[in-house]
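Residue 1 is where the sequence shown starts when you use the UniProt record's numbering, and the numbers rise one by one after that.
Fair warning: there could be bad hints in the mix.
[Claimed, not checked] Simulated restraints on C-beta separations: (1) R160 - E3: 17 to 27 Å; (2) G54 - Y156: 51 to 61 Å; (3) R118 - T22: 18 to 28 Å; (4) S79 - L145: 18 to 28 Å; (5) K110 - R34: 19 to 29 Å; (6) R10 - E93: 51 to 61 Å; (7) Q138 - I65: 40 to 50 Å; (8) E169 - R34: 45 to 55 Å; (9) D83 - H52: 41 to 51 Å.
Think of the hints as simulated: they come from the structure by calculation, not from any bench. Note that the structure is predicted; figures quoted are calculated from it, not measured. Each residue gets a CB set at the ideal place from its N, CA and C atoms; glycine is no exception.
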Amino acid sequence: MWEKILDCDRKYDGLFYTCVKTTKIYCRPSCRSRKPKKHNVEFCFSTEEAEHRGFRACKRCQPEIDHSPHVEFNQQVISFLTDHYQQKIGLEEVAAHVGMSPSYVDRLFKQETGDTPRSYLEKVRIDKAAHLLASTDQTNLEICLETGFHSTSHFYKVFRKHKQQSPGEYRKEKGVPRHE
Numbered sequence: 001m002w003e004k005i006l007d008c009d010r011k012y013d014g015l016f017y018t019c020v021k022t023t024k025i026y027c028r029p030s031c032r033s034r035k036p037k038k039h040n041v042e043f044c045f046s047t048e049e050a051e052h053r054g055f056r057a058c059k060r061c062q063p064e065i066d067h068s069p070h071v072e073f074n075q076q077v078i079s080f081l082t083d084h085y086q087q088k089i090g091l092e093e094v095a096a097h098v099g100m101s102p103s104y105v106d107r108l109f110k111q112e113t114g115d116t117p118r119s120y121l122e123k124v125r126i127d128k129a130a131h132l133l134a135s136t137d138q139t140n141l142e143i144c145l146e147t148g149f150h151s152t153s154h155f156y157k158v159f160r161k162h163k164q165q166s167p168g169e170y171r172k173e174k175g176v177p178r179h180e
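Starting from the given sequences, assemble the full structure and let the hints guide the process.
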């Protein structure tokens, strides 16, 4: 478990908690606070257990809250990106929507989701394109433009990066007649 704390691994949040004997504070494994010395740490498997042992919740990572402290922010950004994926969206538009600076939005979204807003938008567009390729007889160009890509070469490059095949190969694999 110690390695998970050093790595700030979010996958283990909620599975166990780090209790620091010297400060009497308990944290999530992903907490970004300064790491305690290994001999000052014990582990609990619930917030109730930690509090029963006399530890209080970290103010930084808020382990007593079942969700991320930035869940509303994430929902706003994700909602904006999925609602406007067909348009040209820059980080400035996303930041204006949530009322924060572009650099802070980029950093916080990546910290919370593991993706930048741009890479998340790319995934949304590719998922929509894959759905259209598998379920319609639209041409690749029509799908490219409908999903917010403004260049077919960029569309093909990004599609191959995410799906490890071209749009035509994907469509053929799904059994839909090919259109060019």
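- I65 and Q138 - C-beta distance against the hinted 40 to 50 Å: holds, 44 Å
- Query: Holds or violated: 18 to 28 Å for the Cβ distance of R118 and T22?
  - Reply: violated, 42 Å
- Does the Cβ pair R160, E3 satisfy 17 to 27 Å? Violated: the Cβ-Cβ distance is about 35 Å, outside 17 to 27 Å.
- Could you check the hint for me, namely that G54 and Y156 are 51 to 61 Å apart, CB to CB? Cβ of G54 to Cβ of Y156: about 59 Å, so the range 51 to 61 Å holds.
- Outcome for the supplied range 18 to 28 Å, where the beta carbon pair is S79 and L145: holds, 23 Å
- Message: Range first: 51 to 61 Å. Now tell me if the beta carbons of R10 and E93 are that far apart.
- Response: violated, 27 Å
- Item | Hint check for R34 and E169 - Cβ pair distance inside 45 to 55 Å | The hint (45 to 55 Å, Cβ to Cβ) holds, given that E169 and R34 are roughly 49 Å apart.
- Kindly confirm whether 19 to 29 Å is satisfied by the beta carbon distance between K110 and R34. Distance hint for K110, R34 holds at roughly 21 Å.
- Query: Does the hinted range 41 to 51 Å hold for D83 and H52 at CB?
  - Reply: holds, 44 Å
Violated hints, listed in ascending order, are 1, 3, 6; each of the other numbered hints is respected by the structure.
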